[in-house]
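Q: Full structure from sequences and hints, please.
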Amino acid sequence: MVHCPDCGTTLEETADIEFVEMDATTGFLKASKRFYTANCAACGTVLGSGVAGAKAGGGGGGAV
103 MVHCPDCGTT LEETADIEFV EMDATTGFLK ASKRFYTANC AACGTVLGSG VAGAKAGGGG
163 GGAV
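Numbering (our numbering), first residue to last: 103 to 166.
Bear in mind the hints are in silico, worked out from the structure with no lab data behind them.
In this text, all values refer to a predicted model and were calculated from it rather than measured experimentally.
Backbone N, C-alpha and C fix where the C-beta goes; we use that ideal spot for every residue, glycine too.
Be aware that a few hints might be false.
To be verified - Beta-carbon label-pair distances, calculated as ranges: (1) Gly-155 x Gly-110: 31 to 37 Å; (2) Glu-115 x Ala-154: 28 to 34 Å; (3) His-105 x Gly-155: 17 to 23 Å; (4) Val-153 x Gly-110: 26 to 32 Å.
A: Next comes the structure, spelled out in structure tokens:
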């Protein structure tokens, strides 16, 4: 079994993980991708993260 490293909750069902979309808020970069974190649903600890592709209106700016 997999457990949360902080609270020890067993992560065995989809409901045990919460996926949260994060914005790029660094102030100097306009991101065109979606960033996600996978968090423990019991305590909120970030277990992992990733990029999931283009975000609508993300500033691609290319000619059509």
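Q: Check each numbered hint against the structure and report the violated ones by number, ascending.
A: Per hint list: 2, 3 violated.
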